[in-house]
Structures are given as C-alpha cells and as structure tokens.
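2 protein chains.
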Amino acid sequence: MTKEVFERLLNEKQYKAIKSIFDTMNPVDTAVLLPEFEDDKSLVMLFRLIPKENAAMVFTYMEPEQQQVLLETFTDRELKTIMDDMFIDDTVDIIEEMPANVVERILSAAGGKRAAINTILNYPEDSAGSIMTLEYVSLAPTMTIGDALKKIKSRGVHSETVNVCYVIEKHKLLGTVTAMDLLICDDDDLLSDVMEENPISVKTLSDKEEVAQLFNKYDVVSLPVVDNENCMVGIVTFDDAIDVIQEEAEEDFQKMAAIAPTTDKPYLKISVWELWKGRIPWLIFLMLSATFTGMIISSFEDALSKIVVLTAFIPMLMGTGGNSGSQASVTVIRGLSLGEIDVRDILRVLWKEIRVSVLCGVSLAIACFVKIIFIDGMLLKTPGVTNNVALVVALTLCLTVICAKVIGCVLPIIAKKMKLDPAVMASPFITTVVDGVSLLVYFGIAKAFLPELM
Amino acid sequence: MTKEVFERLLNEKQYKAIKSIFDTMNPVDTAVLLPEFEDDKSLVMLFRLIPKENAAMVFTYMEPEQQQVLLETFTDRELKTIMDDMFIDDTVDIIEEMPANVVERILSAAGGKRAAINTILNYPEDSAGSIMTLEYVSLAPTMTIGDALKKIKSRGVHSETVNVCYVIEKHKLLGTVTAMDLLICDDDDLLSDVMEENPISVKTLSDKEEVAQLFNKYDVVSLPVVDNENCMVGIVTFDDAIDVIQEEAEEDFQKMAAIAPTTDKPYLKISVWELWKGRIPWLIFLMLSATFTGMIISSFEDALSKIVVLTAFIPMLMGTGGNSGSQASVTVIRGLSLGEIDVRDILRVLWKEIRVSVLCGVSLAIACFVKIIFIDGMLLKTPGVTNNVALVVALTLCLTVICAKVIGCVLPIIAKKMKLDPAVMASPFITTVVDGVSLLVYFGIAKAFLPELM
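Chains as they are written, first to last, in this note's numbering: chain D, 55 to 508; chain V, 55 to 508.
Hints were generated in silico from the structure; no laboratory data involved.
Hints should not be assumed to be uniformly reliable.
When chains are identical, the list treats them as one kind, so a pair holds in a single copy or across two.
Below, a list of computed lysine-lysine pairs in the DSS-like style, where the Cα atoms sit at most 25 Å apart [as the list claims (entries may be wrong)]: (1) Lys360 x Lys501; (2) Lys473 x Lys134; (3) Lys360 x Lys435; (4) Lys406 x Lys331; (5) Lys360 x Lys226; (6) Lys257 x Lys70; (7) Lys57 x Lys406; (8) Lys471 x Lys323; (9) Lys167 x Lys471; (10) Lys70 x Lys95; (11) Lys319 x Lys70; (12) Lys271 x Lys73; (13) Lys67 x Lys95; (14) Lys205 x Lys257; (15) Lys95 x Lys323.
Looking at chain D on its own, in the form it has when it is part of the complex:
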C-alpha cells in the first residue's frame, strides 16, 4: 500500500477502509508508512485508525520525531492505553529520545511500570542493564508442567518472550524451560526435573557489546540478566542484541572512515549540516597533522631538487604504506571487537604480523623494482630512473610495509589496553603516522645509497 492510496482514502473520509487495510498490514510496515505524512494532522488521524491491538507496536517502531508529535497530541487515556501495551525496554528507548516535558507525561502515564522504567534508566549506557526488559515469565522449581501452563495462561500475553521461561527460587536463577518443553512434557513432570540447569547468564553491568556476542555464540533468543548474587533481574532479548551488533559495526565503519559518530539516522534523513559536523573534525585534524609530513619533505628539499625523480615515488610509497597499515589495523580492530583477539595476545599478534609483513614487504619490493626498471625506466623513459633509484625505492617500500603493519597491529591493542576505543586507531590515523615514517625511511635510505646525495 502506498502513501497515495491512504491520501485518497483519507480525503474521501473512508475511515473504515483505512482501518481494514491497517488490519492486514504488519505493524512495522505501518510504522514505516506513517512518517511519510508530513502534516501532523494526517499523522494523528491515521494513527487513531490503527487497530487497538497493533497501536503500541506501530508506535514502538516509529521514528522519534513522529513519536513526539503523537505523544504531544495523545489524550491522557490514549497515552495510558499505549503505555500499558508497550514493553518496558521499548518505553525506555523512547524516553531516552524525548524532551523533559514529554518524559514527564510518559512516566506519569506509566503507572505500575514507572519503578521498572527508572531501574533500567539508572544503568550505565553501555551495560546489559540498560538494554534489558523486566518482563519475563518466572516459574518455581516445585511447579509441575501443568502448574506452569496454568500460571502462563492466567498471567496473559504480556511477556516479551515466553519462548524461554525462568525457574527461580528465592530470587536466584536455577534454570530455564523452553516453550517447547512446556508443550511436549507431561503435565505431571516437575520443572526442577525438566529444566536446563546452569543457563548462560550475564551480569547487569556486563558490556552490552559482549552480551550481544553471546547471542551470536550460543544462538539463544534471550539471556537472563543477574546481579552479583545470581539473583534474576531481567532479560535481554535477541532483537536488542541484533541492534547492538549492527550499531557497533556501523560505528566502527564510521570511525574507520574518519567520521565522528553523530546520529544513527538513515543516510537520506541526515541533514547536510549533520553530515558536515560528523566529517569536518577528523578532516581538519588530519589536514593539520600532515604538517609533519610537509616538514619532513621541506627538510629534504635539497635532496629532492638534486634527484627530482624521487618525488614521483612519494605517493606510491605513502599509499602502499597506508594500505598495508590499514590491512593490519582493521583486522586487529575487528578481532578485538568480536572477541577473537585479547589484549594479552599482543605478542602473538605482533609475531604473526611481522612474518606477514616480511612476506608482503619482500614480494612488493621485488614487484616494485621490476616495475620501475621496466615500466618507468624502459617503457615510459622517465628521466632519472636508474638501478640505484629503483633499489632505494624498493628497499624503502619493504621497510615501510613492515613498519606499517607493526604500527597497524600494535596501536589498536595499546588503545584497548588504555581503555580507549581501538577503532580510533583505524586507517586515517594509522595512515598519518605511516606517512611520516615512510618519508623518513625513504630519505634516510636515499642519503645512504645514492652517491649524488652523499
């Protein structure tokens, strides 16, 4: 269904038809469609035509701007109905995006959930506690399957996942029972016999990125969150874990491309100013830091004016150095993110990168020497290309690649060790460091090997 259809029906006041169409649509699709109506009146009107049982879901999936418009026009009763139907973790997500006066209205409409919302809001931003929900099914180990089924039936549908129920005694988490167990076992079986013991759990303050990786490792749909005494506090569900994995990957992509993370809006919705704000700080910083490469070149001006052809190889040397460094740094940064590499592995990583860099350096040096002699020298007849020059460039290339890979693999690990984000040590930063190193190596070797410069 397209926007045009709804516009037409809205103009013709065919409200019943709109209601019927909404009834057949997935709430997520409805949430994507509504923001296309840019006048607030149509938006509010359409939202009121969404079937009651889907309204909270649609609301959850909308963009903050539209949520705010709706929140400001809802009557107290409407707000209360939506709040009653929303999951607590989703409510928290929305609260985090709203201005203070709207937050106040939400909290006063939240009724009994208010305490739970505040609990989650109080956990640090990157913790498991901040992405958990408090709505889960808890059962006692002394219950039979039959008892459990009765409890679930009476309690109703409002638990974010009943795919897994938690067996709890004196607040302590003992085990888990899946919906499958409940459907398949005999009514007389005791939960304590049926449950899976020693379930994987996370702590309230665990890093949310690590929590998300556990979903990937263990292929689970939810993970219980416990405090230091193993008392059950809440659960994290897989949809939040997927969001975290995706967000972290996008943040790493941005950092690696020298973009300051500003917003997680889709590209086409980000304003030109926001894009500029995210991009300009790194560009300025990197431009200024290139002052050093400029200084190095200036101080070897004499050498360059004596053998002008040396200048022609600067872009190639710096480019290859930068590329080699990024290869190592991106590999190590992702390894650290995914938990494949630990700070303690620094020597193993270093030893591996040294061997790889020697292999890469030597192969590149050979290829480069041959290329200079045959392409630059014989084919293009570039003036000044001699065997000595080719040797200097090839040797520099080999050493630059080795330095670049060592720098590229070590800096992210050191950053992590210093509790910084390893991704800031990505390509743009590494490239700047490697640029300087490669020029120093270049001119050093040139002075040592070229008789004209001695």
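Dock chain V against the given chain D, drawing on the hints supplied.
Chain V only, in chain D's frame:
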C-alpha cells in the same frame, strides 16, 4: 573448566568425572574446548564422553578441521546417531566444508534426510534457500489448539524452532501461530481464528543479506521461505540471520581495508600464508596503479623544481582528498548494504554530497590557508611559502575535497547498478583515483596562478 583439568582427568582415566563435567557444560563451550586438544586421539576420546543428548550440538559448533577428524573416526553407527540428531541446515553447513569422500559418508548416513539436504545444497550460495532448514512445525487451519498441542507432542522435539508454527493448507502458507498462542488460547479455539494472517515471508531465491535485514526490521525469530506460488518450502532461523549480518559486515570491513576475503576463521587461527594471500593482491594492484600519480608528478617536474615548496603539500592534499572520498564512499556503501539507499536515489545522494563537500571544502580551505600563512610561513619559516602558494594550495584543497566526495558517493552506486559489489569501491580504490585527480588539479591551478610557472 580449563584444558589442564581435562588433561589430568584423561591421564588418570577418570572418564566418569569427565562425563559429569561435560553434562554441566553448555555444548557451545564444550565445542570451543575440544579443539584445544591437538592430538586426534584425545579429541576422539573426549568426544565419546559427551552425553548423548548433547553430542550432535557440540559437533555442530566445532571447527571444520576437528569435525573432519571425528567424521573420519566415527563408526557407521556413531555417525548415524549424530546425523539423526543434527538439524538439516547445520548438516548442510558441514557438508560444504568437507572433502568428497567425507561428504559421501555423511550423505549415506543421512538416511531420510538425504533428499532434504540435496534440496538445500542445490540453491545458489547467496539465496535464502541455501540457509533455510526444512524442519518446522506445520499445522492445518481446521485444527483446534488442542489438536495442535497433540500433534506437537507426538511429533517430538526435532523442529529447529517451535516458537512459531506454520498454518498450511494445500502447501500454501496461510498464517503463523506462536508458542505463546498455543499456551494461552483455549483448547477449542480454531487455528484459523487464532493465527496471524499475512505473515512476512521470503522467496527461496531472495538474497540472504536482504533476508537477514528483514529479521532486524521485523524483530522475528524465524521467517518462512515460500516459492513463487506461495507454497511453504522451509524456514530461516534468527541464528543464521545473525551469522549473515556478521559475515557481510566483516566482508565489507575487509574490502574497505583492501583485503581479499579468503577465510572466515578467527584471526589467531589464520596462517601467515593465508593472511599474505588475502593482502598481497590489492597491495600489488594499488602499488602498480600509483604509476599514474608518478607519471603526473614526473610531467610537472619543471614546475616542482622551480617552486620546490609545492612538493611539501602533496601528502596533505592527497591525504585529505583520500579521507574525504572515503567518508563519502563508506557512508554510501553501508547505506546500500543496509538498504537505506537505493540505486534510484543516485541524484539525491549526489545533491546531498555536493552540498556537504562544498561546506567541507570551504571550511578546510580556510583552515588550510590560515595554517600555511601562520604555521608554515611565520612559525616554521618554510622557505618559499608565499600568499600565492597558500592560495593555490587552499584552492586545490577545496576542489579536491569536492571531487573526492562526488567520486566517493557515485562510484559505489554505479558499481551496484552494474551488479558489482559496491564495497570494492571503498577507500583504497577511491584513494587511488582521488590521488590522481588532486595532483592534476594542483598543478593546473599552480600553473594558472603562480607567475613563476606561467
């Protein structure tokens, strides 16, 4: 439990103790532990001590090398037991990694599942069909909840997810019923009344990356796979979707760092040769393509020898150009991957990037001009720095940034349009193109504005 504990127990032949410990461990953790035993004998011995009900799970999560060792030592009966307990999609994943003789053994032990395995193997590598499983619970619309519960109980546990059951009539997918519905509704309710109609589904040949994004969009744990006539073929489960999301992100990271994707092994397990093989092709290619930048510099040798200071700004101009280009290309590449940008949006993207690039270009040019006058000129007293030179460099910087961003945003979209992977148009490639452009702009402007060169 660490490797040392098991080694000790194994030496002391305390098999019963090992069995008990395995019984308390999560199968995924067992699968991570076993490969630490590098002699095949211990590995096989330990595997036989895993409790029967967990053996298939542990096997599923092991690395291909160890799986092969085990497959080659299994008796026919052992193999059959494992195969019976494994999910079909996991079996397919393993088959894809094994040599022909092992595959043959697996298929002959697969029994009734053989046809299903072959069906999945026949779908193209990147399709939804290739990652689906054929094990799901199908129910008829005319069943009551009571009937459904009975069917599930009799059928047993071997469906990868009974969190969602599929309501099917004459092979056509009519709707879905969740485990929650089954637990909460009355036994007499008809499935056709209870089921969710119009479920989100994917086609067998849908791109698996798009399928994975649907899990993220709709927050579902499984998606039905249907053929062109809407007949139910299988399901894709969320764990496979997370894997796809993660794999695709890693592949994009590698491509953006000029690494040819060779293996998805964790970094510390990749051999030095494999790392070299993944990294050297792009390094050589990019080194050779720098011949062009070299040629440009050589052809302006006269200008450079007249005003030597111009050389000092080459790294800064190329670096900033490269960074600006990567910012645009990475943003667009990820936007395309996540489905936020479509090929049809090319003009909207271009218009947005032109505005951003003018903003960035002008701010950088101003900062650069000021920097050259005050830092390079007054502070460092670099010989040859004049107002004219500063103007030429700042102007070049502004134009280079604009060109870089335009190239960076357009090339990935063109690649996608030509059915190539947009990620190959990432930083290293863009940088090479931008390097050439920035030098041409630089020397062009220098010749036009510097009286010494006219």
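We went through each hint and held it up to the structure:
Within a single copy, Lys360 and Lys501 get their C-alpha atoms as close as 11 Å, and across copies as close as 22 Å, so both meet the 25 Å cut-off. For the homomeric pair Lys473 and Lys134, neither the shortest alpha-carbon distance inside one copy (43 Å) nor that between copies (49 Å) is at most 25 Å. Proximity of Lys360 and Lys435 under a CA criterion of 25 Å is satisfied in both settings, with 19 Å inside one chain copy and 22 Å between copies. Only between protomers do Lys406 and Lys331 lie at most 25 Å apart by alpha-carbon distance; the minimum there is 14 Å, versus 39 Å within a single protomer.
Proximity of Lys360 and Lys226 under a CA criterion of 25 Å is satisfied in neither setting, with 79 Å inside one chain copy and 80 Å between copies. Taking CA atoms no more than 25 Å apart as the test, Lys257 paired with Lys70 passes in neither setting, with 49 Å inside one copy and 32 Å between copies. In this assembly of identical chains, Lys57 and Lys406 lie within 25 Å of each other by CA distance solely across copies; the values are 24 Å between and 56 Å within a copy. In this assembly of identical chains, the alpha carbons of Lys471 and Lys323 lie at most 25 Å apart only when taken from different copies (22 Å versus 37 Å within one copy).
In this assembly of identical chains, the alpha carbons of Lys167 and Lys471 never lie at most 25 Å apart, being 40 Å within a copy and 49 Å across copies at closest. Taking the shortest Cα distances, Lys70 and Lys95 sit within 25 Å of each other inside one copy (18 Å), while across copies they are farther apart (71 Å). In this assembly of identical chains, Lys319 and Lys70 lie within 25 Å of each other by CA distance neither inside one copy nor across copies; the values are 34 Å within and 56 Å between. In this assembly of identical chains, the alpha carbons of Lys271 and Lys73 lie at most 25 Å apart only when taken from different copies (23 Å versus 42 Å within one copy).
Taking identical chains as interchangeable, the C-alpha atoms of Lys67 and Lys95 lie at most 25 Å apart only when both belong to the same chain, with a minimum of 14 Å there against 77 Å between chains. Proximity of Lys205 to Lys257 under the C-alpha cut-off of 25 Å is found in neither arrangement, the shortest distances being 27 Å within a copy and 39 Å between copies. For the homomeric pair Lys95 and Lys323, the shortest alpha-carbon distance inside one copy (21 Å) is at most 25 Å, but the shortest distance between copies (59 Å) is not.
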